[in-house]
Amino acid sequence: MSNKCNQPNMDRRKMIGGAIAATGAMTIAPGVILHAASVSEEASTGADSKHRWGMLIDSNKCAEGCSACVDACNSEHGLEGHDRPATDAVWIRPVKLKDKQTGHENRLVMMCQHCEHPPCVDVCPTTASFKRADGIVLVDRHRCIGCRYCMMACPYKARSFIHETLTDQSVNAPRGKGCVESCTLCVHRIDEGVMQTACQEACSKEGHNAILFGDLNDPQSEISKTLISNNSVQIRADLELNTGVRYLNL
Amino acid sequence: MRSSLISNSTLLILLAALLAPAMQVAAESQFVTENSKAASMKSCVAPTDQMRRNHMDYLKHGRDDTVRDGKRGIEYSLSECIECHASKSPQGQSVPVNDEGEFCQTCHSYVAVSPPCFQCHRTTPDADGGSAKLGHHSGDSNPHQGLDIQLPAGIQRD
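Listed in order, the protein sequences are those of chains A and B.
Every position in the first sequence, counted from 1, becomes a number in our numbering once 136 is added.
Every position in the second sequence, counted from 1, becomes a number in our numbering once 1 is added.
Hint data in this document are derived by calculation from the structure and do not stem from the laboratory.
Below, simulated DSS-like cross-link-like pairs (lysine-lysine); rule was C-alpha separation at most 27 Å, straight line:
id : chain 1 : residue 1 : chain 2 : residue 2
1  : A       : 313       : B       : 72
2  : B       : 72        : A       : 267
3  : A       : 293       : A       : 267
4  : B       : 61        : A       : 267
5  : A       : 186       : B       : 72
6  : B       : 61        : A       : 313
7  : B       : 89        : B       : 43
If we strip away everything but chain A, and leave its shape as in the complex, we get:
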């Protein structure tokens, strides 16, 4: 957008500015930079590969008829539907599994599994799909061209495409027409140091506690301790994607 070669020499400007100051406009010189320093102090250090964020979902605790996590996700990220279930944005969705022989039913929530080897990243032609240093798989909408190749590549059907022009998006999740999106593991919360996703918060508020979020790299975290002592599974483990989202009692 801005080609530096075509720009006039900024030093000339400084000289003109100096001329203004010298000719009596001293009042504009002091206090020019007001709060630049105070803003940059708040800057967080960013994603760190020391952590790997993940989730553990207990299928037995996921209650029939409950949609607390879906509602919380929608309100957190400003997702609104158009009564078109085939194309509306869904970042987290309840799924029912039935064993046809025994009739036993399982309920779980499905979202982006934040794979260690994400197929969506492999296929993205513009590197819009990427994995952060801390294992969160995201779409960089500045680069997404809306080709939807990642939607085809994802074995979990975790991604949505935005079909309509949007206004008044949440600052938590800037989003617009023509981009693909999926669960961000509430990355805006993690970056602010709030170690709880919106879905987990809603689930525990409902008293179900089916969702556990935490650091898979930290052996002292609750999620790591639960994973050591329980028999968890990855969905489609045969693909060897090493998902960050795991399931209990499935």
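Given chain A, work out where chain B should sit, using these hints.
Chain B only, in chain A's frame:
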């Protein structure tokens, strides 16, 4: 020779005297929209001439830092632009920054550019969302009080 020197310096002084008021007016005139937070501030996060010329580069750099590296609270952030530069209507409603005559739109239309920022980013300050009110659906005044928030090893929360 001497007379030409005098006339030269006299001319320079005269020129400076003429230009001074004009430049001062140009430097102090209001480029921000009225009724916005920015109107009450002396300057942006960098000197105005730098912001005018380079804000797009600052934002472009900052967006990669934030989206791809997770650095929040950066110096040049689009949500901060909107926070400060969105004006308020007489009814107290925030006016979108890309509305006719508003801060972003006026200049962008003057220089005939149409940056796609607002295809995805909201154009008014987010009154009921954002990091300041995480977990806003809980309805508490302090949404994190009483929550069992798990901090990763090595991170201290103040």
